[in-house]
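2 protein chains.
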Amino acid sequence: MDKQNLDNLRHSCAHLLAHAVKQLYPGALNAIGPAIENGFYQDFDMGKWNISEEDFPKIEAKMKEILPTWKGFSFKEVTLPEAKKLFKDNKYKIEMATEFAKQGKKLQTNDPGDFLDLCKMGHVENPSKELRHFKLLSVAGAYWRGDEKNKMLTRIYGTVFPTKDELENHLKMIEEAKKRDHRKLGQDLDLFAFSDLVGKGLPLLMPKGATIKRILERFIVDEEIKRGYQHVSTPPIAKVDLYRTSGHYPYYKETMYPPMIVDEEELILRPMTCPHHFALFKIRPHSYHEMPIRYAEISPQFRYEKSGELTGLMRVRTFLLSDAHIITPKNQAKEEIVGVLDLIDFINKALGLKAGIDYRYRLSLGVRGDSKKYYKDDEMWNFAENILRDVLKNQKVPYFEAENEAAFYGPKIDVQMKNVNGKEDTAFTVQYDFVMPKRFNLRFINKEGQEEEPVVIHRASLGAFERTIAFLIEHYAGAFPLWLAPVQVAILPISDKFQDYALKIKEELKKELIRVELNNDSKTLGAKIRETTLQKIPYMIIIGEKEAGTGKCSVRTREGKDLGQITISDFVSNLKSQIENFS
Amino acid sequence: MDKQNLDNLRHSCAHLLAHAVKQLYPGALNAIGPAIENGFYQDFDMGKWNISEEDFPKIEAKMKEILPTWKGFSFKEVTLPEAKKLFKDNKYKIEMATEFAKQGKKLQTNDPGDFLDLCKMGHVENPSKELRHFKLLSVAGAYWRGDEKNKMLTRIYGTVFPTKDELENHLKMIEEAKKRDHRKLGQDLDLFAFSDLVGKGLPLLMPKGATIKRILERFIVDEEIKRGYQHVSTPPIAKVDLYRTSGHYPYYKETMYPPMIVDEEELILRPMTCPHHFALFKIRPHSYHEMPIRYAEISPQFRYEKSGELTGLMRVRTFLLSDAHIITPKNQAKEEIVGVLDLIDFINKALGLKAGIDYRYRLSLGVRGDSKKYYKDDEMWNFAENILRDVLKNQKVPYFEAENEAAFYGPKIDVQMKNVNGKEDTAFTVQYDFVMPKRFNLRFINKEGQEEEPVVIHRASLGAFERTIAFLIEHYAGAFPLWLAPVQVAILPISDKFQDYALKIKEELKKELIRVELNNDSKTLGAKIRETTLQKIPYMIIIGEKEAGTGKCSVRTREGKDLGQITISDFVSNLKSQIENFS
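Note that the protein sequences, when read in sequence, are chains A and B. Residue 5 is where the first sequence starts when you use the working numbering, and the numbers rise one by one after that. Residue 5 is where the second sequence starts when you use the working numbering, and the numbers rise one by one after that.
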């Protein structure tokens, strides 16, 4: 089913919900009820009533009861006075009708049988047949028209699909996504937390979460150094003037923190790293010998997000980015971008993400006519867009093109990541920038001894660490691959008698840099195995009579597979080769 | 010579300087001229004259000319009206005299022969004999009485010693310190820089400086994890309320950045990490099983320093601390402190610093009566001070005690580091804290199933990274030991002919994680060796006819020692064993 038909289906189902609720709760007023991604919602002013998810079975039953009578929507154009008369009891409908009329839009009522409504969206032809596979999902508060000065309404979310199978698959996926929710797993697995004392959107990584961050960080830094990046370290605050020079300040001001006056300087938390790297580049002159220069940094950044938009580690107010800025002669830009895509591909593979399945590329283009949004230089835009397109084509990677999605200083390649809900988001980008070199007057001395203006490639090799960790938690449902697992091996002695041997094995594994935990609780082995499995620790070593003093151990995986008895040294070399291969 | 006599000597020499300047520059007025550490200064209102270091020989000659006539200071008490009359031409003397009189202090003139002055300091008995070994050092501007609203005076720094040898040694040390100045070496060796665009006191670590930081960071994190610390990651900003809870806010407010209002929250850059770790501890309950908990973090912190006090990497406005907070049952505190001192000793040794020579410990005690400055709980103070004293005694480390130097929440052990000028500074501290657990209501469940209040040990295992790097630059005069050197090996091919072999060796060394640079400039070998030596790169590999294709290379040290021909693999294993031993 195409998107328009699916939207019609879902919006029609919102009407059905409105009708049922109005019958069950006399005096409740229906406000808007649009189709949204994966379903619909319907807002209500519930008057004297309260509603919760416990009421859903009753409401769904009423919807099913009404449905057979809905043979088809009939439509009728009305004037504003007519609409005002028809919906005199519903101030929300009147407010919308008045506004539509003011904008010169036509007003149209619809009626599927016995429920007159007023709206501007599309509907299905045969509701009684088509609306059968619906489900109510959740209830939340929502301000009328999204404005917190208005009344808080009750919003019921639901979904509907053309077939029973599709509905069931979707509900299963929601269940699965709930189990994988990184906020829940983050708490269960002791990975991260928030504290009212510290503030909203400011995550505290517990030891295990910080371990994942450290592994990722070292992995990326080492790989980038291998590939000729130079890691630098620049301050997380700077003068506001720095961002005025870059042109970011007026543009990004809304998402920046307020400035701090310190002595004669106006300082601000950095929302991005590029101007810092340009300042570094300008410290001394550069010759073509050194170019391209690839400054990289695991860089803390700060963006103000509205408190309503903060979501676990996905949306935070401070984050760490594996940022880099390649300052390159124009004629080497293409091979640099090839190198960046190769690096991204390598890192994603190590994380277990597959091109074409978990992510794909988007070529985000400018609009030639729009010199307000995009720096005016048609020739440069053509040149840069062609370079990016060429690279994507030659690399034979899955990509698509999107107009009007570029940065103001040039086109970019976005890495579009698919999450467990099937939703696609831009995880990070590779940007071609021909504007900042002008703004910062960046220059190098070329072979001819002349000053030449380079171009800049902005790139991240991973999304924000916080977001990537959230994504990986959900992707793996907390069962991280061995190389990323905060605890790789749990040692479970059957009883206190085997403590010494258990401790000896622990020290041996630690010496080999294996992250190991010894479970010394006086619980039964069964309980210990259950706990370790819930903690999603990849391997457990069980130590009992059979193993003690033999130099061997019994190994079991978190999936419940018994690997039998094995010598410690064989076990260690197995682990090491898995870790080396990012398993 | 004891400090008082040395101060008398130096202050007397300031008189001599004043006399010489007044003779050479008629109309110049002498203001104050105190003894300071390692010398003295004398301030002048130079009137119509300008003075620079080029004038020092002339002034020193005049001082030498006057000196034989100074047989001894004669003193005379005067009244304020008398002083005003005697010094009617010198408004600075009159201002000081008026103030002294107001404070009820006696006024005393002194005269070594023919130069009447008024001051309150001590003097030598026989100036003509004692003042012979002096030297003028530098000239700077200084506001009268340190207040920028007052007139800018001319300040001449100098020094004087009892013997010629002592003076010469001191001048040599100054020369050496100048060569070792981390600000100069930081630029020469491309380690760090500051940028007007970014802001004062906000250092940019260039690739080589950032490499040193990264090596130190990984070294410390790995060692701490080995010793049972749990590294965490907490946000560099937090609600001001967090620091109100800790009691830091009113106390440290002057050195904190201004708050930022974001939505309904008042956020601020963190000046320390402890409250963040307490917030983390409080996320969930803790049992005695898990205790002591050692939260560690390589933590960015922010303190406002006056722009006049910023000094290279020594004094900056944002810094990185290897911070930790050990939350421990009171009865385990002692062994935890032993562990901390052992760690500090280990790290200092790796950095090449020797206890008793480069650093010693200071036991900083509270004052029982002063409940304004120190939390009132005599019993706890006695207990805690005894623990720290016991540990220092048992460890047999060099230490001394200092009254009235504790934190407000408990006594501490300061690591007192000696810099290249011989000056001793507190590099970092180990603090015993029995107050924060109360303020944050920290609790754990003890063996008896009861809630128990722990104590906290605050500690750093290294000073601020920036300061430590500055210190190490000066300590090693930029010639870092192999394990810390940003570039460990430079490959110098004798001509272009040997490029391929040079590149092959480079790749081999890179694979072994050796930090290597290939010098491909078309310069002579002599020039390349000179450059590499100036860059203080520990080893150079010279590739010529003899070496190409043999699997061998000729190795030379930065000290100019020729190690002869050696196979690459032998060279690599030599390097590796040196690195492992922190050489």
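Don't take every hint at face value.
Because identical chains share one entry, a pair is satisfied inside a single copy or across any pair of copies.
[What the hints assert, rightly or not] Listed below are the simulated DSSO-like cross-link pairs for lysine-lysine, each with C-alpha atoms no more than 30 Å apart in a straight line:
#, residue 1, residue 2
1, K515, K353
2, K377, K92
3, K257, K204
4, K204, K155
If you're looking for bench data, these hints aren't it; they were derived computationally from the structure. Quantities reported herein were computed from a predicted structural model and do not represent experimental measurements.
| said: Tell me the hint numbers this structure goes against, listed in increasing order. | reply: Number 2 - this is the single hint that the structure violates.
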